[in-house]
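Protein sequence lines, in the order shown, are assigned to chains A and B.
Taking our numbering, the leading residue of the first sequence gets 848, the next gets one more, and so forth.
Taking our numbering, the leading residue of the second sequence gets 50, the next gets one more, and so forth.
These are calculated hints, taken from the structure and not from any lab test.
Note that the Cβ used here is the ideal one computed from N, Cα and C, for glycine as well.
Certain hints may be false.
[Unchecked claim] Some chain A residues judged to face chain B by a derived CB distance under 7 Å, without partners named:
no.	residue
1	H882
2	R886
3	G911
4	F915
5	R931
6	R1050
7	A1056
8	A1060
9	A1061
10	V1102
11	R1110
12	T1111
[As the list claims (entries may be wrong)] Covered by chain A, according to a simulated footprint, are these stretches of chain B (three or more residues, beta-carbon under 8 Å):
no.	region
13	106-112
14	275-285
Below are the chains, spelled out letter by letter.
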Amino acid sequence: MIQSRRLVLDTLREGPTLFAGLPGEAVDLDALAAHLVERGIDGGIHVTDGSLEGLLWIQQGEPGETWFFEAAGQEAVLPMTSSRDLLLDIAARGGAISVFVGTQPDALTARFSSATGEPAASLFVAGPMAAVDTTVSAISVEPRMPVDGAGPPAAAMPAPGKQAAVRPEVSGAAAGPQPGWMPPAQRWPAILAEVRARVARHRGPKLAAQFTAALTEALREHGGSADGGHIVAPPLSEAAWRDVAEAACAPVAAVAGRAFVDRTIAAAEHAAGDLSHRRGDHP
Amino acid sequence: MKEKLNRKWAPAGMLAGIVLATLYAYGFGGNPLHDRILRHVVATGLQILAPLAAGLACLAAARVYAPGDREGRVWAIGAAAAFAWTIGRVIFAAYQWVGGIALPYPSLADGFFVAFYVLIAAALLLEIRLVLPLVERPGRLFLLAAGAAGWIGSILLILGPIMASSAAPIEKLLAAFYQTAAVLLVPAGLMPALGFRGGRSAYSWLAVAAAGLCLAGASLGYAFLIWYNLYSDVHGINALWVAAFVLLAAGGLWQRTVQEEA
Chain A
848 MIQSRRLVLD TLREGPTLFA GLPGEAVDLD ALAAHLVERG IDGGIHVTDG
898 SLEGLLWIQQ GEPGETWFFE AAGQEAVLPM TSSRDLLLDI AARGGAISVF
948 VGTQPDALTA RFSSATGEPA ASLFVAGPMA AVDTTVSAIS VEPRMPVDGA
998 GPPAAAMPAP GKQAAVRPEV SGAAAGPQPG WMPPAQRWPA ILAEVRARVA
1048 RHRGPKLAAQ FTAALTEALR EHGGSADGGH IVAPPLSEAA WRDVAEAACA
1098 PVAAVAGRAF VDRTIAAAEH AAGDLSHRRG DHP
Chain B
50 MKEKLNRKWA PAGMLAGIVL ATLYAYGFGG NPLHDRILRH VVATGLQILA
100 PLAAGLACLA AARVYAPGDR EGRVWAIGAA AAFAWTIGRV IFAAYQWVGG
150 IALPYPSLAD GFFVAFYVLI AAALLLEIRL VLPLVERPGR LFLLAAGAAG
200 WIGSILLILG PIMASSAAPI EKLLAAFYQT AAVLLVPAGL MPALGFRGGR
250 SAYSWLAVAA AGLCLAGASL GYAFLIWYNL YSDVHGINAL WVAAFVLLAA
300 GGLWQRTVQE EA
C-alpha cells in the first residue's frame, strides 16, 4: 500500500505515545533525543507550533531522518538549513513536543540513506527535504521494548487524541536522562560483567568461561575485547550492545535455557543501574 | 513476600514431614502389634507420597524454563519418571492391601518401576549431552570408571547368587536391570554436578546423584533380603526408597530456586 509521509505521521500518532504535549521551551531537545537513543526506543520526536511540524525519527538506537510539514499537511520545501535549529525554533515558539513509539518504514529509510550517501553522524540530520520521495510502502507502529519496565508506553501515557488538552509538567525524567542513567559505553560493560558473575555463581566457572569466550568473539567484531573481567569496546549503539550480549549468552542459553538468560540479563541491568545510581554516575 | 516464603518453605516443610514420618515408620523395632500395623500404613503412604512429591518438585523446576529450553525437558521427563514410580507404588500397595499378596514381585507394578528407570536415565542422558563440554576428560573417565566398578561390584556381591539360582528368568532379568540402572544413575547424576561445580546448580545434581545412590542401595538391599527371605514392608532398607525421592524432590526444588533467582 502506498502512503504519503503525512499519512505515516498520522498513523504513528495513533500508536503508543511516550510523552504528549510537553511545552517546547521547557524541554531540552538534545537530552530528550539522547535519552531515547540510549534506551533503544524506536519512534519519533514530534514538535509543532501550529503552523509547522517537525518529526525526528529515532530508530534502532540511532537518530534518523527529520521530516517537516506545513499546517496544511503539505511537506515543507525548506532551504538547506540545520534540522536541529529548525526543530529548536519550532519548540521555542511555544511549540509542543510529543514522543510517539513506532518504526519508520524501511523503504523510505533506504531511499534516504542512498540520497545522503552515509548514515547520520550527529543526532539531528540536516537534509534537503525536496530530494526525498514523498511516498512509502507501509508503516508498522510497534514498541520494541517497554519503557522503564512500566509496560507498553501507550498504557502509561495520554492518548494522542487528547494531547491538546494535556500539557503535563515537565520533569527531569521526561526532559533528559534519569538518575542512574549511563551511556551504553559505560552501562553495557557493567551489565556484561554482572552477567558473567551471575553465570559463575549459578552455573559455575566453566560456563562463565564459555560466556567470556563468546563475549570476546562478539566484541572482536567491533574492535573490542574482554580480558577477564575487563571489557573494552569502542562506542557502540544500544542495539549493537544488545547483539553482543545475545552472542555472548548463546552458550549459556544452550545449557541453562532462554528463561535463565533473560532473567540474568534483566537482573544484571537492574544491578548495573543500582550501582551507577549509588555512585552518581549520570551526566 | 508472604507468597514467596510460602512457595519456598511449604515444599521444604512437606519434605521434612516425610523425613520425620520415615524415621518413625522405619526407625523403630520391637513395637507392639497395633504400632506395627500403623507403621505398615505409614510406610505404604510414604512410598506413594515421596515419589509424588518428587514428581511435583521436578514439574515445578521444569515450569521455570521457557518453552524449548532443553534443560526444562530434562526436569519434565524427571517428573514423568517420578509419577511413573508413584503409579507403580499405588499398584504395589493395591496388590498388598486389596489383593492380599504380601510381596507382589514380579507384578504389573514392575512395569512402572522399569518405566521410571528408563525415563530418569533418558533425562540424565539429555542433561549429560548439555554439560559434557563443561566436564574435562579426567572427570569423565573417573565417573565412567566409578560407574563400571560399582556395576561390577553389585553383580559380583549381590546379583551373582541370584543369577546362579533357579529363580524365574523374569526375576533374574528385573533384578539385573534394577541394579544396573540404579548403580549407573550415580555417575550420571555426578556428571552435571561436575560440569556446574562451583555454581549453585551443582547442588541440584548432587542431590540427584545421592538419590541414585539411595536407589542403588535400596535395589541391592531389596534383592538381597528377598533372596534370603528377610524382607518386610517395614524393614529399614525401604527408607532408602523414600530418601531417594526426597533427595530428587530437593534437587528439583533447588533447581527451581536457582533458575528463579538468576
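Would you settle whether the hint for R1050 of chain A is holds or violated, based on the nearest Cβ-Cβ distance to chain B being less than 7 Å? 4 Å, holds
Take the shortest C-beta to C-beta distance between F915 of chain A and chain B; is it under 7 Å? Since chain B brings no Cβ nearer than about 45 Å to F915 of chain A, farther than 7 Å, the hint is violated.
Examine the region 275-285 of chain B for residues whose CB is less than 8 Å from any CB of chain A, and state whether their number is three or more. violated (count 0)
Status of the R1110 of chain A interface restraint (C-beta, 7 Å, chain B): At 4 Å from the nearest chain B Cβ, R1110 of chain A passes the 7 Å test, so the hint holds.
Should the hint that R931 of chain A touches chain B count as held when the rule is a Cβ pair under 7 Å? Result: violated, 43 Å to nearest chain B Cβ.
Regarding the hint that A1060 of chain A lies at the interface with chain B, is the smallest CB-CB distance below 7 Å? 11 Å, violated
Restraint satisfaction for T1111 of chain A [CB to CB of chain B, less than 7 Å]: Constraint on T1111 of chain A satisfied, holds at 4 Å.
Less than 7 Å between beta-carbons is the criterion; does H882 of chain A satisfy it with respect to chain B? 28 Å, violated
Minimum beta-carbon distance criterion (7 Å), A1061 of chain A to chain B: It is violated, given that the least Cβ distance between A1061 of chain A and chain B is near 13 Å, above 7 Å.
Proposed interface contact between A1056 of chain A and chain B, which counts if any beta carbon pair is under 7 Å: 9 Å, violated
Proposed interface contact between R886 of chain A and chain B, which counts if any beta carbon pair is under 7 Å: Given a least distance of 23 Å, the restraint on R886 of chain A is violated.
Could you check if G911 of chain A really has its C-beta closer than 7 Å to a C-beta on chain B? Constraint on G911 of chain A not satisfied, violated at 33 Å.
Hint violations for this structure: numbers 1, 2, 3, 4, 5, 7, 8, 9, 13, 14, all remaining hints satisfied.
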